[in-house]
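Peer 1: Could you build the full structure based on these sequences and the hints that come with them?
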Amino acid sequence: MNMTSKFNPAVYFEIPVTDLDRAVEFYGAVLDVAFYRTVIDHYEMALFPFDEQLSGITGALCKGDVYRPTHEGVILYLRTVDIRDTLQRVMANGGRIVLEITSATEWGRVAEFVDSEGNRIGLFQSNIT
860 MNMTSKFNPA
870 VYFEIPVTDL
880 DRAVEFYGAV
890 LDVAFYRTVI
900 DHYEMALFPF
910 DEQLSGITGA
920 LCKGDVYRPT
930 HEGVILYLRT
940 VDIRDTLQRV
950 MANGGRIVLE
960 ITSATEWGRV
970 AEFVDSEGNR
980 IGLFQSNIT
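If you're matching positions, the sequence shown starts at 860 in the working numbering and goes up one per residue.
I should point out that these hints are in silico values taken from the structure, not numbers from a laboratory.
Watch out, some of these pointers could steer you wrong.
[Unchecked claim] Distance condition first, Cα-Cα at most 20 Å in a straight line; then the derived DMTMM-like pairs of lysine to aspartate or glutamate:
hint, residue 1, residue 2
1, K922, D880
2, K922, D900
3, K922, E903
[To be verified] Here are the computed distance ranges between Cβ atoms for each label pair:
hint, residue 1, residue 2, range
4, V898, Q947, 28 to 38 Å
5, A888, K865, 33 to 43 Å
6, T897, S962, 37 to 47 Å
7, D910, F983, 13 to 23 Å
8, Y895, T961, 29 to 39 Å
9, P908, M950, 20 to 30 Å
10, E884, T917, 11 to 21 Å
11, T961, G915, 17 to 27 Å
12, R881, H901, 14 to 24 Å
13, V925, N986, 33 to 43 Å
14, E965, T877, 31 to 41 Å
Using N, Cα and C, we set each Cβ at its ideal position, and we do this for glycine too.
Peer 2: Here it is, written out as structure tokens:
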């Protein structure tokens, strides 16, 4: 199997929401970020911050008839530098933990929570600094 590529295949994500204000408040508090709000193709969106000089991808909180929060399906993992602190902020802002902090072997640690909208979201803390 060829594991080389000229680019990272994952480039963008969308988290479905039913209440964009509530979701912006939740993720802003949990991740300590500010959002850029816009409308794209008639859908309300709040874009996560993005710096092309840093690694990783970006995405948005999205509201509209095609966006349905779910606890099943694909799980997105967000990077954090302090997984315990982030989980405390999840709980303080109305989320709930569904997978306690677990080892991801030599890569780091993971946990999962349900956000303000009912989506199952993962957290990842790297062992590599």
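Peer 1: Now look at each hint and say whether the structure bears it out.
Peer 2: These are the hints, each one checked on the structure:
| no. | hint | result |
| --- | --- | --- |
| 1 | K922 to D880 | 10 Å, holds |
| 2 | K922 to D900 | 11 Å, holds |
| 3 | K922 to E903 | 5 Å, holds |
| 4 | V898 to Q947: 28 to 38 Å | 34 Å, holds |
| 5 | A888 to K865: 33 to 43 Å | 38 Å, holds |
| 6 | T897 to S962: 37 to 47 Å | 39 Å, holds |
| 7 | D910 to F983: 13 to 23 Å | 18 Å, holds |
| 8 | Y895 to T961: 29 to 39 Å | 33 Å, holds |
| 9 | P908 to M950: 20 to 30 Å | 23 Å, holds |
| 10 | E884 to T917: 11 to 21 Å | 19 Å, holds |
| 11 | T961 to G915: 17 to 27 Å | 21 Å, holds |
| 12 | R881 to H901: 14 to 24 Å | 21 Å, holds |
| 13 | V925 to N986: 33 to 43 Å | 38 Å, holds |
| 14 | E965 to T877: 31 to 41 Å | 38 Å, holds |
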